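The residues making up each chain are set out below.
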Amino acid sequence: MEELKYHLNVNRRTFLHRSAIGIGGLALGALLQDSCKSAHDNSRLSMGALPHFPPKAKRIIYLFQSGAPSQLELYDWKPKLRDLNGQELPASVRNGQRLTGMTANQKSFPLVGSKVDFKQYGQSGSWFSDLLPHTAKIADDLCIIKSMHTEAINHDPAVTFFQTGNQQPGRPSIGSWLSYGLGSENSNLPAFVVLLSRGKGNIQPLASRVWGSAFLPSEHQGVQFRGGADPVLYLNNAEGLDSLSRRKMLDVLSQLNHHQLEKFGDPEISARISQYEMAHRMQTSVPDLTDLSDEPDSTFKLYGAEAMIPGTYAANCLLARRMCERGVRFVQLYNMGWDAHSDVTGMTSRLAKDVDQASAALVTDLKQRGLLEDTLVVWGGEFGRTNFSQGLMADNFGRDHHPRCFTIWMAGAGIKAGITYGETDDFGYNIVQNPVHVHDFQATLLHLFGIDHERFVFPYQGRRFRLTDVSGSVVHDILS
Amino acid sequence: MDVVLFRKNSMAFLSQRWTLMGMALIIGVVCLANLCTSVNDTDKPLPKVVDFNWHIRPILSDRCFACHGPDEGKRKANLRFDTREGAFSPVDTLNGVPRFAILPGNPEQSLLVQRICSSSQDSIMPPLDSHLSLTSYEKQLLIRWIEQGAPWKNHWAFTAPERPKVPEVAKNGWNQNPIDAFVLEKLTENDLSPSEETDKARLLRRASFALTGLPPTPAQLQQFLQHDAPDAYDKVVDDLLNTAAYGERWTMYWLDLARYADTHGYQDDLPRTMWPWRDWVINAFNKNMPYDQFVTWQLAGDLLPDKSKETLLASAFNRNHKISQEGGVIEEEYRVEYVADRTNTFGKAFLGLTLECARCHDHKYDPISTREYYSTFAFFNNLDERGFVPNLETPKPYMVISAADYDGSLPFLNKRSGLKKPQDTILQMVMQDSIGLRNTYRLVRGKYDQPGEMVTPTLPAAVLPFDTLTFQQNRLGMSQWLFSPANPLTARVWVNRLWQEVFGRGIVQTSENFGVQGALPSHPELLDWLAVEFRESGWDIKHILRLMVTSATFKQSAVANQDRLAKDPENNWLSRGPRVRMPYEFLRDNILSSSGLLVQELGGPSVKPWQPPGLWEEISTEKTANAFRGEYSYVTDTLPEKKYRRSLYTYQRRTIPPPTHLTFDAPMRDNCEVRRTRSNTPLQALVLLHDKQVLEAADALAALLLQDPQLTNPTDLLNAAFQRIMTRAPDPTEMRLLVQYFENERARPDPDTLQKPSVSTQKNTTPKDQNALMLTITVIYNMDEAIVM
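Order-wise, the sequence lines are chains A and B.
In terms of the numbering used here, the first sequence opens at residue 4 and continues consecutively.
In terms of the numbering used here, the second sequence opens at residue 293 and continues consecutively.
If we strip away everything but chain A, and leave its shape as in the complex, we get:
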């Protein structure tokens, strides 16, 4: 028995040491525990203890709008484009911007104004199009950034850039970085969760690498939650195996593994024993999370009836709130379908209808529950859309990809409410004030979590890698 105790102690020590591969190494699935803050080794000395300073945000819900919503139909009102409808985009405005393979050979670039009307809302007087009636109602809770810009001009590299800081695959996603850096806030759910939904639009594929952990330890991968009976892959018992049998199985397994541990003294064995216990706890905590039967009718009134249908954007927003309540650090939603190369008006209307109510409901709901104070909510896509028509002018015109300006919004923890930040020119083509680069956005996001993005590094292949690569500045103007 003394021998075993000794093993367990050494095991713990050695295990902490071995977990040097990740700051949250012992956080195992980032699922296991939160002691990562105390773990440190040489490679981390320069990084210092995390968080670097008191955080404003404890958790984040990122409502990623995949395919790139048109800022010109939703947030960035450009009456001048209506005046100039059909006229050629002046070369002086385009100013050498490279175009995608889809419009590069286009002979003419006719400007097209939005067919959708815009109004100002709230005390802040922020502009919203008629496609966003619900979001308009929470105008005073939002910080609308109209001056986002990126480097990529196509979906795969642009989404990868937003989510990992690099256009080419091979870097960890934001959620993996946070899981690695801050560990988990709960002991029976993952720290980083991914939820997918598909809108009625032009769907561009996603790659699971955008929630992958790349060179960070794989326990920091995003864990996908899915609509349906098996919300987490491999979570459910074999049909017919009741929980009592499962418990008995785990008990005998634990005894067998303890027996092994006594014999071999390998710390990995004790870690594995803990993992099985954690897995078992997840079997209870996950269904408890995804079972919406305890939600009152008012919830579905707020989020919309679609929230009752698993796998919809609305249902995912509601799940995101429930995850926040349970201490999930990073909830990453992807809603697909915004890629309006044709019929931008129709497609954007349909997609907006899918997301408008639930997005606004989420912010309202978090606020009502006092969670918005330390929960950050982000809404946005991977780039914007052109002010000119893709192809010839037509009634159902579409818009191509545009990297130079687009709109996202942020709300909640540490973010100024009821402001619009940044401005584009009358053509809606270039930024004229306060540009925010993707790396600036990422630096700001980390800042809200109390992390200095320049000091938050992981050594891999001899180099210290950062989410923000070698650039990025915190946008202090939008911080409350």
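No false leads were mixed into what you were given.
With a straight-line Cα cutoff of 25 Å, these simulated DSS-like cross-link-like pairs (lysine-lysine) come out:
1. A:Lys251 with B:Lys984
2. B:Lys707 with B:Lys579
3. B:Lys1060 with A:Lys251
4. A:Lys266 with B:Lys492
Cβ-Cβ distance ranges computed for the label pairs, FRET-style:
5. A:Asn437 with B:Thr717: 55 to 65 Å
6. A:Ser190 with B:Lys336: 27 to 37 Å
7. A:Ser190 with B:Phe380: 51 to 61 Å
8. B:Thr717 with A:Asp472: 39 to 49 Å
No lab work stands behind these hints, which were simulated from the structure alone.
Note that this is a predicted model, so its numbers are computed, not measured.
Where a beta carbon is used, it is the ideal one built from N, C-alpha and C, also for glycine.
Dock chain B against the given chain A, drawing on the hints supplied.
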């Protein structure tokens, strides 16, 4: 007493870095060592003799090179520590007297010491805004090194290995071959001794997984246990090396390195045909093709004077990179990306170097300039290829494989694959230079549309000067350079990876990086001995593996007692045998093999075993009227001869890799990877408890055993099950626990409620036995030992 090095009022002066060191001389007679000791926060004793390679360069590289290293563009104060000349040249002169960063024997007068020990925020090195710092231990190391005369050595990995003398140490009959002498020497130095030999069954299992990725068969085990001859183990090792499974196991490793996948990898991620190349790799490993030939064919099979269809197929190695089919891409941007991918892969796969760090600027740590990066890039930049590939076209250049090749030039291809009619063909991407197609330029900041000066093909001189009189300036010459006896890296890098795969970690732990930021070898002489032995054996991979697995070091028991855990927690000194969690492929193959489901067939198109439904549909694009948007649904193979194949044949879709593989740390195949991490997570537990494939195997094994007339009682049944999974009999405690569990489950009042996955195996068993045994087998599959090797 604390000694203040600089007076406060002198701080303003010191805000400039190395260039303005006028203040430095104001230090009086201060004992710098004391100064640094006064903030000592470590109890680690300093080494008596400080070694430059071991102690000093790692510090200089990690904390100083970013501004005082090989990158000319970022170098501050014209001071560099990456070369001997740079480190010992005068930094400047003060009143006509030259001053030095490092003055051998005189730490007080060394500006480096003054700066790292400075109490001023403005003059401290590394500077605050670098977010880097030195521990007091590291400062004291630097001081002691300078006290001892600051001896300089070249980076160990850039000096060609010479065969070291085998240490004359032995432990009463322990040593089996030279490996053991090197290991024993280090053990003794570290006050450790080898562990006893592990039992025969565990040894056979360990060797079998290391060499073939599969457990031994019950017959193999039986035979080995009964065979008492002294050469019994050597014989079984030879048998293992000669199984076809050997080639599959090492191909599995090579696929990570080669970033092999069955799809193009970006956006719609359309399918591609690369499996004929994969089958060539299996065959080459099985034939024990010498490593130099193996690599030369893959690098330059299209350029060989006696090239053949087979050598051309081998060259497909360099076409395993991702290729975009996204409608909007700018072709040149992506074409450049592919060439860079080949360049980076060449560096990591064969040299253990991070060439990619020199793509946008000179390398920050290793002596590789951006110019050299693009000179290496130039070897791979001569293909008539496109950045964008239209739907379902095979990207040029490619070769055509027809049914005739199955019996002719490519006899190793799986004959059941695809080609039914004589006119059917497989188009397989390969390498082919189009001379004069384009020039290569250094790309400014790595940008595809910003060419700098023109470059010609050469390779990093710090590794080995690329003498154009000796080496052709094409990929064939590249390969000759790689396998020149003067090349310091090629042999070391590969024997280290073999070691990593056999012992669980490399002699150089960072098997991907032998540069100055990489880990140092735990057993440098052993590494060099193996490297030279490898080269002089004619690059014989099986020979090296045989040495490794027949060493006494390998045969040690994996039991870690208190003493060993305390002195060698990481098993750095190899005081015990390896015990590491298997890669996913091995553990699934073990499950299939032990349950009798495994279908052993070599090669052919990749297969799609069961995975949870819907994963592809969730993030793929549906086929539209005018475009095929890649595979929308994962269509599970239902035939046993497909779904029960070894895991290296599992279809690898890059944007949605098989979830079980990812959960167990397999890479996504986006880039060359040579070392997997080994995590230990609850999601892994969920896979092993609930993956339908595990349950199916448990059910099949239960049925198999229950139908064996010789197994009549629970003890016999469980003993047989345990043996098949663990390659050993359960000990009394294990048996007691398992029998108890089995009996309890069998006594369940409602055995029929357990829904089992359907299995093709014919069954004639009573449900309650079947259920109870299936559950008990699932328990065994979930034991830690079932997934370690």
